[in-house]
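**Q** Protein chains in written order, with our numbering: chain A, 19 to 311; chain B, 5 to 341; chain C, 68 to 485.
For the record, the hints were derived by calculation from the structure and aren't laboratory data.
Certain hints may be false.
To be verified - Listing some non-contacts, in silico: residues in chain C with all C-beta distances to chain A over 10 Å:
{"no.": "1", "residue": "138"}
{"no.": "2", "residue": "144"}
{"no.": "3", "residue": "187"}
{"no.": "4", "residue": "208"}
{"no.": "5", "residue": "265"}
{"no.": "6", "residue": "272"}
{"no.": "7", "residue": "277"}
{"no.": "8", "residue": "293"}
{"no.": "9", "residue": "308"}
{"no.": "10", "residue": "310"}
{"no.": "11", "residue": "381"}
{"no.": "12", "residue": "405"}
{"no.": "13", "residue": "457"}
{"no.": "14", "residue": "474"}
{"no.": "15", "residue": "482"}
Unchecked claim - Label pairs and their calculated CB-CB ranges:
{"no.": "16", "chain 1": "C", "residue 1": "481", "chain 2": "B", "residue 2": "98", "range": "25 to 31 Å"}
{"no.": "17", "chain 1": "B", "residue 1": "99", "chain 2": "C", "residue 2": "268", "range": "33 to 39 Å"}
{"no.": "18", "chain 1": "C", "residue 1": "380", "chain 2": "B", "residue 2": "334", "range": "53 to 59 Å"}
{"no.": "19", "chain 1": "C", "residue 1": "410", "chain 2": "B", "residue 2": "26", "range": "46 to 52 Å"}
A virtual CB, placed ideally from N, CA and C, is assigned to each residue, including glycine.
Spelled out, the chains give:
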Amino acid sequence: MSSQAIFVLFNGLASGMAFFLVAAGLTWVFGILKILNLAHGAFFMLGAYIAFTVGGGWPASIWSFLGVALIAAAAIGVLGYLTDQLVLKRLRDVDYHYALIATFGLMLFCEGAAKFIWGTDYQAVMPPPEVDRAVVVGGSYISVYTLFVIGIGVSVFAALEIIMHRTWAGKIMRAVSNDPWMAGTLGINVPMVLMVSVIASFALAGFAGGILVPNQALSPHVGASFVLYAFMAVVIGGLGSIRGTFLACILLGLVESANATFLSQYGGIAIYVVLAIFLVWKPTGLFPAQGAT
Amino acid sequence: MDQHSSTLMQGRPAFSSPMLKAAVLALLFILLLSAPAMLNAGLLFWVGMTMIQAVFALSWNLLFGFTGLASFGHAGFYAIGAYFTGAALRYDFPLPFLGILALAGIFGALVALAIGVVALKRLTGIFLAVLTVALTEAMAKIIGFSPALGEQDGLGNIPRPIVGFGVFNLDLTHSNDYYRFLLVAVALMVAALWWVVHSRIGRSFRAVREDAERARFIGINVTRVRVLSFMISGGTAALAGALSAPWTRIVTLDQVNWLASTQPILNSLLGGFTSFWGPVVGAAVYTAINYWTRTFAGLSEMLVGGILVLVILIAPTGIVGLLGKLTRRIRKNGDRT
Amino acid sequence: MKRRTVLKGFAASAGVALGMNATYLRAQSAPIRIGASYALSGVGAPVGTQMLVGTQIAAQQINRAGGLLGREVELVIRDDKYNSAESVAVARELAGDGINLMLGGSQTVTALGLAPLAPELNMVAIIVAAAGMPVTHELFNRNIFRTTANNYTQYGSLGRTLIEQNPEIKTWISLAPDGDFGRDSALFFGRAVEKYAPSGEVTVLDTIYAQATATDFRTQINQLMSSDADGLYLGIAASAQISFFQQARSVGLYDKFKAIGEVGNGDITGKAMGRNTHPNLWSVCHWLHNQEPFASNPVSQQLYKDYVEMKGEDFPSGQVAAGHRAALALFAGIDKAQSTETEDVITAMENLTFESVGGTVRFRPEDHQMLGLNYYSQMGPSTEAPHFQFNQVTSVDASEMIEPANPGQPFKIEELSQ
Chain A
19 MSSQAIFVLF
29 NGLASGMAFF
39 LVAAGLTWVF
49 GILKILNLAH
59 GAFFMLGAYI
69 AFTVGGGWPA
79 SIWSFLGVAL
89 IAAAAIGVLG
99 YLTDQLVLKR
109 LRDVDYHYAL
119 IATFGLMLFC
129 EGAAKFIWGT
139 DYQAVMPPPE
149 VDRAVVVGGS
159 YISVYTLFVI
169 GIGVSVFAAL
179 EIIMHRTWAG
189 KIMRAVSNDP
199 WMAGTLGINV
209 PMVLMVSVIA
219 SFALAGFAGG
229 ILVPNQALSP
239 HVGASFVLYA
249 FMAVVIGGLG
259 SIRGTFLACI
269 LLGLVESANA
279 TFLSQYGGIA
289 IYVVLAIFLV
299 WKPTGLFPAQ
309 GAT
Chain B
5 MDQHSSTLMQ
15 GRPAFSSPML
25 KAAVLALLFI
35 LLLSAPAMLN
45 AGLLFWVGMT
55 MIQAVFALSW
65 NLLFGFTGLA
75 SFGHAGFYAI
85 GAYFTGAALR
95 YDFPLPFLGI
105 LALAGIFGAL
115 VALAIGVVAL
125 KRLTGIFLAV
135 LTVALTEAMA
145 KIIGFSPALG
155 EQDGLGNIPR
165 PIVGFGVFNL
175 DLTHSNDYYR
185 FLLVAVALMV
195 AALWWVVHSR
205 IGRSFRAVRE
215 DAERARFIGI
225 NVTRVRVLSF
235 MISGGTAALA
245 GALSAPWTRI
255 VTLDQVNWLA
265 STQPILNSLL
275 GGFTSFWGPV
285 VGAAVYTAIN
295 YWTRTFAGLS
305 EMLVGGILVL
315 VILIAPTGIV
325 GLLGKLTRRI
335 RKNGDRT
Chain C
68 MKRRTVLKGF
78 AASAGVALGM
88 NATYLRAQSA
98 PIRIGASYAL
108 SGVGAPVGTQ
118 MLVGTQIAAQ
128 QINRAGGLLG
138 REVELVIRDD
148 KYNSAESVAV
158 ARELAGDGIN
168 LMLGGSQTVT
178 ALGLAPLAPE
188 LNMVAIIVAA
198 AGMPVTHELF
208 NRNIFRTTAN
218 NYTQYGSLGR
228 TLIEQNPEIK
238 TWISLAPDGD
248 FGRDSALFFG
258 RAVEKYAPSG
268 EVTVLDTIYA
278 QATATDFRTQ
288 INQLMSSDAD
298 GLYLGIAASA
308 QISFFQQARS
318 VGLYDKFKAI
328 GEVGNGDITG
338 KAMGRNTHPN
348 LWSVCHWLHN
358 QEPFASNPVS
368 QQLYKDYVEM
378 KGEDFPSGQV
388 AAGHRAALAL
398 FAGIDKAQST
408 ETEDVITAME
418 NLTFESVGGT
428 VRFRPEDHQM
438 LGLNYYSQMG
448 PSTEAPHFQF
458 NQVTSVDASE
468 MIEPANPGQP
478 FKIEELSQ
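Just need the whole structure built from these sequences, with the hints factored in.
**A** This is the structure we're talking about:
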């Protein structure tokens with residue numbers, strides 16, 4: 019393989035896994051609540067800020083870095099519980115467009131709140147020292163931190179796969195996702211499952227914030243750059259399908275990376291073309307959810 | 005068909021006696037017409053923008069509220085009109101201004117036709133929403149790479165037009181003159197949309213929204229109706245954009261992103277999408293909120309966001325719906341006494 | 068800005084308003100109302116809020132000294148949201164409110180909306196910090212004055228500074244945002260490097276482009292790492308620049324590039340990167356209170372003193388001086404005209420000379436472009452908080468680097484004789 023191709027591959031995987039870390043929570047909550055949470059990126063951003071506040075700009079080690087990301091996950095999970103109680107729970111039985119607008123309002127509110135709490139100055143967090151260097155693969159410079167992100171992304175995917183398909187909790191989740199009414203008549207505590215899903219989705223956003231914060235400058239707008247890709251991945255993957263979202267993220271990452279390398283004068287366009295083609299070719303995504311319309 | 009109209013009646017607020025409505029509209033038109041004499045230039049600018057946003061929101065709601073399709077990339081149509089008109093005026097296309105406006109609307113409708121033919125057969129709901137977002141973002145990228153359209157900086161220094169009517173010329177260079185032109189144009193467009201909604205075409209839109217299967221059963225070509233609605237909506241949005249270019253005198257990429265696309269959605273839901281006038285009310289209220297919060301730099305996002313969440317939780321049928329509920333309650337109380 | 072300072076800012080602006088009312092009776096007549104439109108939200112906010120502070124201090128200073136023409140100066144502050152349509156709305160609102168003097172255009176996007184509007188609104192508009200060439204060329208009109216160096220002068224001077232300070236670097240490259248401004252600044256930088264290279268033997272490689280608001284620069288970084296260059300001009304600004312440094316540092320770009328000249332983030336990058344700041348990073352510099360020649364300049368000393376008093380912080384951003392300078396220019400113009408009428412102020416400002424934090428500056432009458440010394444700072448990491456420091460400041464006289472005035476016509480570098 020040429021050095022360029024190696025670079026495109028690694029860079030694409032790294033971007034794809036970054037997208038996936040953000041998209042995982044999004045697709046989960048979509049699968050179960052049928053809500054496209056526009057505020058997901060804002061909670062990702064809050065997670066990044068919390069990680070910065072707790073851990074500072076120079077993580078001492080990879081373990082403290084991961085610990086801080088888990089703290090961010092827990093904090094955003096708590097916010098998820100509050101959001102669910104105050105907002106989302108009241109919108110369960112109404113047209114999904116209302117939830118869309120409500121989450122849009124939440125997004126604005128969170129960005130405003132972040133500015134109020136942390137100010138508008140940019141901040142930067144460095145990768146933990148163990149991964150803060152580069153390896154040269156076939157003439158291309160690849161940062162070890164991006165390999166670390168790839169590893170975390172794959173781990174999160176594996177964990178979600180095991181939870182969803184190998185555990186009792188996952189079976190309940192899938193039952194509620196497929197047919198909440200039927201699940202309810204079978205004695206499953208549906209409201210509880212929905213609440214847990216929201217908390218888990220938010221916690222995943224917070225975790226992603228903690229892991230990806232060394233990736234780029236920290237500002238109240240940091241969520242926007244990831245979340246649009248995450249939306250696209252969720253749609254291409256098939257709404258609510260974690261497997262589909264994972265594959266879609268890799269695809270989008272590779273397309274974006276190849277676009278930047280081979281067609282740099284038109285950077286950022288290919289990803290939209292691919293999405294449009296996919297929507298027309300496979301309107302219900304790679305792994306259509308049962309009952310999705 | 006009877007059942008459809010009965011569901012419509014439910015959505016209609018109770019205070020809508022036709023005479024009262026006509027009187028309110030006439031009063032509003034007169035007020036807006038005399039606005040240049042009463043308001044300072046800055047407020048007048050906002051009033052003009054609100055009228056444009058109202059038409060933009062109406063165009064979106066024609067699609068959503070009346071045909072049941074949600075576009076999340078409506079800013080794309082708006083931008084087609086705005087950039088086309090901006091470029092035509094800036095580079096002195098040999099076309100009369102009314103011709104430019106007409107072409108802008110036609111372009112919007114043609115793009116909608118192209119998207120509709122390819123996508124509307126297969127896509128509805130969230131998929132259509134995401135497709136429209138993607139196309140709009142792609143368009144923003146392409147504009148960003150086009151030097152003639154100002155790339156990232158936007159297309160600035162757009163001159164205001166002089167409209168030729170053969171015998172006489174209408175000079176719209178001054179803000180007040182362009183404002184009056186804008187008001188008349190907006191009024192005509194609102195009237196046209198009102199006619200569409202209340203015509204046979206509008207009834208077929210609603211039939212498709214209520215139940216596409218049944219509409220098909222009674223002989224309505226669902227895809228064709230959807231494409232037609234998409235075309236009218238896209239053309240109107242492009243016209244709104246076209247009217248905005250000489251008003252702001254600059255068109256930028258801020259008007260082409262997905263946040264810009266959410267503006268008509270917010271206005272429609274805020275005002276109430278079940279009513280024809282809801283988006284207009286929403287646009288006015290949204291501008292008012294923005295205007296009042298403009299001096300709270302740094303807090304305005306929190307206020308606007310918080311208000312939106314509250315509106316959805318407290319008044320999900322929008323302001324018009326809330327008003328309708330209130331008047332119904334008052335009437336009921338009145339009947340009792 | 069921290070929450071505390073936001074609150075203080077509110078208190079301060081409220082105080083300005085209240086103070087106006089209290090002192091209103093003392094003044095001979097109504098206050099002189101001046102519009103101040105900066106990006107206070109949106110991506111331009113980190114820069115815009117600092118500039119506003121400088122403008123507010125300038126207004127306080129002039130009011131302490133008895134006001135202008137015996138009248139109090141009152142700022143009418145607005146947020147242009149880093150959005151050209153919004154800046155247009157703000158200017159119209161201010162004009163409708165009877166204001167004919169304003170500061171705005173803190174960035175190119177807002178300046179492009181504001182500039183063509185000034186004659187229609189019969190305003191004097193000070194373009195605070197937008198460097199785009201059109202402002203004093205094809206968009207030129209008599210009502211606008213620019214109080215910052217233009218793109219050609221600024222980045223030509225930066226290129227000259229870098230090659231003169233780092234003559235051992237023989238191969239240069241640029242990473243610039245795709246767009247007029249980015250392409251031009253990289254071109255001007257490269258031309259100046261070639262022109263001012265002491266030995267004459269330098270190579271300037273083809274510019275690499277990225278999107279101005281990109282968040283992932285790995286592809287461009289890989290291209291830079293694979294190039295032969297060891298000197299870099301970085302045209303990417305704001306948060307994108309910090310993302311670039313974050314991603315570049317961990318693949319060893321700091322070791323490869325011996326010197327970097329950046330577009331103008333200055334301490335914004337330093338504060339974010341701290342001890343991971345590139346060791347030889349040159350920036351466009353508006354002000355560094357503790358470096359010569361600023362340290363011994365009385366205007367600078369007073370600005371620093373007032374800043375500390377107002378904000379309770381002792382490390383002001385250089386952008387504060389940009390907002391301060393723009394306000395001083397307008398105040399000096401009003402004072403010279405002895406009038407607040409648009410036409411009088413324009414006439415007075417065309418040949419105006421005034422003192423800023425960086426010494427004497429003046430306007431070029433033909434195209435209303437400010438001329439003076441342009442400063443460039445070099446920074447690097449430090450072991451003490453805030454973990455970065457400015458090591459030196461150099462200057463280039465703008466009149467040596469500026470293009471001939473050609474108002475109304477687009478600037479074309481090919482038409483300049485070398």
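**Q** Over 10 Å from every CB of chain A: does residue 208/C meet that, or does the non-interface label fail?
**A** It holds; residue 208/C is separated from chain A by about 32 Å at its closest Cβ, greater than 10 Å.
**Q** Could you see if the CB distance from residue 481/C to residue 98/B stays within 25 to 31 Å?
**A** holds, 30 Å
**Q** Does residue 277/C sit more than 10 Å from chain A, CB to CB?
**A** violated, 7 Å
**Q** Was residue 405/C rightly flagged as not at the interface, with every chain A Cβ beyond 10 Å?
**A** Fine: 39 Å to the nearest Cβ keeps residue 405/C off the interface.
**Q** Against chain A, does residue 272/C hold up as non-interface, every C-beta pair farther apart than 10 Å?
**A** holds, 15 Å
**Q** Hey, does residue 293/C actually stay past 10 Å from chain A on C-beta?
**A** Label violated. Min Cβ-Cβ 7 Å, cutoff 10 Å.
**Q** Going by Cβ atoms, does residue 482/C stay more than 10 Å from chain A at every point?
**A** holds, 26 Å
**Q** Please verify that the nearest CB of chain A lies beyond 10 Å from residue 308/C's CB.
**A** With a cut-off of 10 Å, residue 308/C comes too close to chain A, as the shortest Cβ separation is near 8 Å.
**Q** Verify the CB-CB distance for residue 380/C and residue 334/B against the hinted window 53 to 59 Å.
**A** holds, 56 Å
**Q** Within 33 to 39 Å: is that where the Cβ-Cβ distance between residue 99/B and residue 268/C falls?
**A** violated, 55 Å
**Q** Just want to verify: residue 474/C was marked as not at the interface with chain A; is every Cβ pair farther apart than 10 Å?
**A** holds, 33 Å
**Q** Examine each Cβ of chain A, and state whether all of them lie more than 10 Å from the Cβ of residue 187/C.
**A** holds, 32 Å
Consistency note: the structure conflicts with the earlier hints numbered 7, 8, 9, 10, 17.
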